[in-house]
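When you get a sec, could you build the whole thing from the sequences and use the hints?
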Amino acid sequence: MNKTFDRYASVAFLLIGAAFVWESRKIGESSYGSNVGPDIFPLGLGLLLIVLALRLFYEVMRTKSDNGPSTKVKLDYKRFLIIVSAAVLYAYFLEDIGYVFGTFVFLLIGFQVIERGKWLTSVIVASLFSIGVYYLFVKVLEGSLPGFPVWMNIG
Amino acid sequence: MDVLQFLADGFVSALQWKNLLFAFVGVLIGTAVGVLPGIGPMSGVALLIPVTATLTSGQDPDSAATSAIILLAGVYYGAMYGGSTTSILLNTPGESSSVVTTLDGYQMARQGRAGSALSIAAIGSFIAGIVSLIGLVLLAQPLSEIAIRFGPAEYFSLMLLGLAAVSGLASKSMTKALIMTVVGLLIATIGMDNVSGVARFTYDIPVLYTGLEFLTVAVGLFALGEVFKTILHRDYMNGEVVKVGRVRPTRQDLKDSAGPIARGSLLGFFIGVLPGAGATLASFFSYIMEKKLSRHPEKFGKGAIEGVAAPESANNASSGGAMIPLLTLGIPGSGTTAILMGALIMYNVQPGPLLFEDNPEIAWGLIASMFIGNLMLLILNMPLVKVFAKIIETPPKYLLPIIVAISVFGVYAVQYTTFDLLLLIGCGIAGYFLVQNDYPLAPLVLGLVLGPMIENNMRRALTGSNGDFSIFLTKPISLAFLLIAVLWLIVPLLLKLRGKKVLISEEG
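Which chain is which? The protein sequence lines are A and B, in order. Just so we're aligned, residue 1 is where the first sequence starts under the numbering used here, counting upward by one. Just so we're aligned, residue 156 is where the second sequence starts under the numbering used here, counting upward by one.
Heads up, a few of these hints could be off.
As the list claims (entries may be wrong) - DEER-style ranges, computed between Cβ atoms: (1) A:L128 x B:K173: 41 to 51 Å; (2) B:L577 x A:L141: 20 to 30 Å; (3) B:Y571 x A:Y77: 44 to 54 Å; (4) B:E453 x A:V140: 32 to 42 Å; (5) B:L634 x A:G132: 48 to 58 Å; (6) A:F5 x B:F166: 30 to 40 Å; (7) A:Y92 x B:M347: 40 to 50 Å; (8) B:N503 x A:G132: 25 to 35 Å; (9) B:P538 x A:Y92: 42 to 52 Å; (10) B:R406 x A:D76: 22 to 32 Å; (11) B:K410 x A:W119: 26 to 36 Å; (12) A:G147 x B:K457: 34 to 44 Å; (13) B:L652 x A:R7: 23 to 33 Å; (14) A:D76 x B:Y358: 29 to 39 Å.
These are computed hints drawn from the structure, not numbers from a lab. In this text the structure is predicted, and so the values were computed from the model without any measurement. Yeah, the Cβ is synthetic: ideal placement off N, Cα and C, and Gly gets one too.
Given below as structure tokens:
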């Protein structure tokens, strides 16, 4: 597989393990009579993770670079990044802009990023989904979703 | 006959119109999940947990849990039916347990026998489903009666065995699988410790007190991870779909596949019961076995109906078998059953031996509904196979963003926090990169689900022994579990050292 990723990953896991060990030592002793407190389990696991990370690092170092000629398809980072950023913005502002509006915009962007064109179908599918889910969930099942932004003054 | 009485009660519960509806919706969505490449049973079930939580929110807790688990289990075994469709028509497996079906299934389709292949796959899946359910009915009571005598030490060791089994087979690199297991267990420690009430790793951040929600992590890792993969690898450019043609199998087809279906069902069931070895291995082994047993092994790979019947029966039987350790012992043996277990825990239902005592209506209702669900699937799949084949042609343009939107909706509807939505997306990205680099996700989810229980049992056992760790070794049953767990990890390593190729069980 990808050696660089594994190398960074082993360091990351090592740090995660160390952080858990370090932080679990700060957890207070048990609050009741037992001598097995809430710190033992994460402490032990943290130590285990450190050992495993070292083992992974060793394995990565030992395997020769056997990647060979890279036959990988070129990854489509452009579409991926646009969709991830759209999703993050959608998630972050969901409570502010409301469910129907946010979902509609996110879906429209998503549809168009993956394949340009067919705007009318995109608009119809996006509105059907966002309004449909909102109606079913909030009106029929009486659940709760962020409604419309205050300034829109509806529902 | 105690068992028959319970089963009858289960049927009463499963035959309520709302549970029939839930089973129907479950198997229908499951079939669609199996047919759609890009959504496997794990992400399908994870994605539907929040949706079912909403659908069942009006009912009282017990019947809500029954309905929800009926639907989710329906998705699980429904996906096993549906997975064959794309393998046969498109030469692209809908999920990993149908990979071997492509070998002969697609060849049959090219010879114009797609309909026979699809219907034999459905019939085989049905028979296998029934066989594994009978096994489940027979084994559930005795197994849970044994398990109920386990103390915390035995449980701790049994859960370690479950983790070891799944980690040992999950990836080409056992180190990576073990790392994922430990990370899952560590993530599970975040939040309020439910023995002492001490807050761990929360840093006074309110959203962390309840811990990282299992649902958010699972949906992110599996559902979003797969969406991101599809986008990054441009997997959505589909190939040609072969015409289905005549659906009913010929008499010769039925005769040829009777043996493979019977053998595949039994083999798949036993592989399914074993923790760690899931549907993928079951289908693989049964294909190899049929090829060895066949008088015309040269026909395999060129459109032999046996090569469709056996693996499709085996993968369905194994999904039934996998329910046994989940329901009776409370130990999920695979990623998908871990997610089912997480769903049950969300409903405050603890799978395990007590399930059959405390909530027999849930356990037996589920078992009875699986009989009904399998029948529904057979009826659905025979005439409607052409309709399902149409699902393959759903434009991914609309499908992918909608999966993201459903994930966001589902997580928000259950959790109501922006933090969980951002965690969801983060897990999606992490899930993609981890899978790409051969870090398996199933052990992580398993660790996340089992973590609190392992810790509780460990601390209860240690409290009883005054902190003496040797309690796990002096209790004979506990020692036996630990030894098997160690063997499970060491044997594949030894085989690898001797240059043997070890099969791994990919799921997704």
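Do the hints match the structure? See the list:
1. A C-beta distance of roughly 26 Å is found between L128 of chain A and K173 of chain B, which places it outside the suggested range of 41 to 51 Å.
2. A hinted range of 20 to 30 Å holds for the C-beta pair L577 of chain B and L141 of chain A, which are about 25 Å apart.
3. Our hint of 44 to 54 Å for Y571 of chain B and Y77 of chain A is violated, since their Cβ atoms are close to 33 Å apart.
4. A beta carbon spacing of about 58 Å between E453 of chain B and V140 of chain A contradicts the range 32 to 42 Å that was offered as a hint.
5. For L634 of chain B paired with G132 of chain A, a C-beta distance near 57 Å keeps the hint of 48 to 58 Å intact.
6. A beta carbon spacing of about 51 Å between F5 of chain A and F166 of chain B contradicts the range 30 to 40 Å that was offered as a hint.
7. As the Cβ distance of Y92 of chain A to M347 of chain B is approximately 26 Å, the hint placing it in 40 to 50 Å is violated.
8. Restraint check, N503 of chain B to G132 of chain A: a C-beta distance of roughly 31 Å satisfies the suggested window 25 to 35 Å.
9. Range check, P538 of chain B to Y92 of chain A: about 47 Å between beta-carbon atoms, so the 42 to 52 Å window is met.
10. At roughly 49 Å, the beta carbons of R406 of chain B and D76 of chain A sit outside the given window of 22 to 32 Å.
11. In this structure, K410 of chain B and W119 of chain A break the distance hint of 26 to 36 Å, their C-beta atoms being roughly 55 Å apart.
12. Checked against the hint of 34 to 44 Å, the C-beta distance between G147 of chain A and K457 of chain B comes to roughly 60 Å, which is inconsistent with it.
13. Range check, L652 of chain B to R7 of chain A: Cβ separation about 24 Å, and the 23 to 33 Å hint holds.
14. A beta carbon spacing of about 37 Å between D76 of chain A and Y358 of chain B agrees with the range 29 to 39 Å that was offered as a hint.
Hints 1, 3, 4, 6, 7, 10, 11, 12 from the earlier list are contradicted by this structure; the remaining hints agree with it.
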